[in-house]
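Under numbering that gives the first Met the number 0, think of the first position of the sequence shown as 0, with each following residue one higher.
The hints are simulated quantities; they were obtained by calculation from the structure and are not laboratory data.
Just so you know, not all the hints are guaranteed correct.
Unchecked claim - Calculated cross-link-like contacts (lysine-lysine; reagent style DSS-like; alpha-carbon spacing at most 30 Å): (1) K183 x K95; (2) K39 x K95; (3) K183 x K35; (4) K95 x K167; (5) K167 x K142; (6) K142 x K183.
Claimed, not checked - Pair by pair, the computed Cβ-Cβ distance ranges are: (7) W20 x T144: 35 to 45 Å; (8) N145 x N101: 17 to 27 Å; (9) N98 x S149: 33 to 43 Å; (10) N101 x V34: 14 to 24 Å; (11) G99 x S149: 24 to 34 Å; (12) N168 x N145: 38 to 48 Å; (13) E125 x N65: 34 to 44 Å.
For every residue, glycine included, the Cβ atom is placed at its ideal position computed from N, Cα and C.
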Amino acid sequence: MKTFTIIFLTVLSFSSSFSQWIQQPLGTTAAIERVKFINKNTGWCCGAGGLLRKTTDGGANWITVNNPAGGKYLAGLHIIDSNIIYVVGFFETILKTTNGGNTWIEIRNGSFGNGNSYEACYFLNENTGWISGRTEPPVRIFKTTNGGVSFDSVRINESSDISDIYFKNENEGVASGCIKDLYKTTNGGANWFAGQ
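All chains, please: the whole structure from these sequences, using the hints.
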């Protein structure tokens, strides 16, 4: 009898843990690559075919955001505040808005089939940030300190691509990619060291 009770409680506990998730339909069948929120109500998502959407009600409704990517795959985004958002994607796509997505600045916007395909971006503020992805070999991480007007790059020879970047502060950051690609910097991205 005790075994049955324990199993029953485990099953009951397990099934109730799934009840906390509520599906939020986006109204699209396109692949979603990234979803990020700045607070409990306002968030953005991006993905295939130039998909870019915004919610201001916690995901109950999503608004399509027009952008100049021209249908290219949008793979990464970073929200600075309610106005400033960076979005990166395939074929040299780096976009920035300073008014919550009403208009976009094309920092880079290459043609289909040409150039680097960016998958990751992280910005500490409007001006300082890092971008990477599947770049021409060797893989590079790009850094800007002027909001994308110009970029410096650092090579990471062992990596095949970088799919995510995070910085704790202006010096300490990590970057990850395929399989076992994990890198750390302690000097703002001037040098990257392979992790374990």
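(request) Mind checking the alpha carbons of K39 and K95 for me, to see if they're no more than 30 Å apart? (result) The given pair, whose Cα atoms are some 22 Å apart, holds under the 30 Å limit.
(request) With 17 to 27 Å as the target window, see if N145 and N101 comply at their CB atoms. (result) holds (23 Å)
(message) Against the range 38 to 48 Å, how does the distance between the Cβ atoms of N168 and N145 compare: consistent or not?
(response) At roughly 19 Å between Cβ atoms, N145 and N168 fall outside 38 to 48 Å, so the hint is violated.
(request) State, for the Cβ atoms of N101 and V34, whether the hinted interval 14 to 24 Å holds or is violated. (result) holds (21 Å)
(message) K167 and K142 were given as a pair; does the straight-line alpha-carbon distance stay at or below 30 Å?
(response) Holds: K167 and K142 sit about 15 Å apart, inside 30 Å.
(request) For the pair we were handed, K142 and K183, check the Cα-Cα distance against 30 Å. (result) Roughly 15 Å separates the two Cα atoms, so the pair holds.
(message) Can you tell me whether the CB distance of N98 to S149 sits inside 33 to 43 Å?
(response) The hint (33 to 43 Å, Cβ to Cβ) is violated, given that N98 and S149 are roughly 23 Å apart.
(request) Quickly compare the C-alpha distance for K183 and K35 to 30 Å and report which way the hint goes. (result) It holds: about 23 Å lies between the C-alpha atoms, which stays within 30 Å.
(request) For G99 and S149, compare the CB-CB distance with the range 24 to 34 Å and indicate the outcome. (result) holds (25 Å)
(message) Tell me if the straight-line CA distance from K95 to K167 falls inside 30 Å.
(response) holds (22 Å)
(message) What's the verdict on K183 and K95, does the C-alpha distance respect the 30 Å limit or exceed it?
(response) Satisfied, since the Cα-Cα distance of roughly 26 Å is no more than 30 Å.
(message) Is 34 to 44 Å respected by the C-beta to C-beta distance linking E125 and N65?
(response) With a Cβ separation near 22 Å, E125 and N65 fall outside 34 to 44 Å, so the hint is violated.
Of the numbered hints listed earlier, those contradicted by the structure are 9, 12 and 13.
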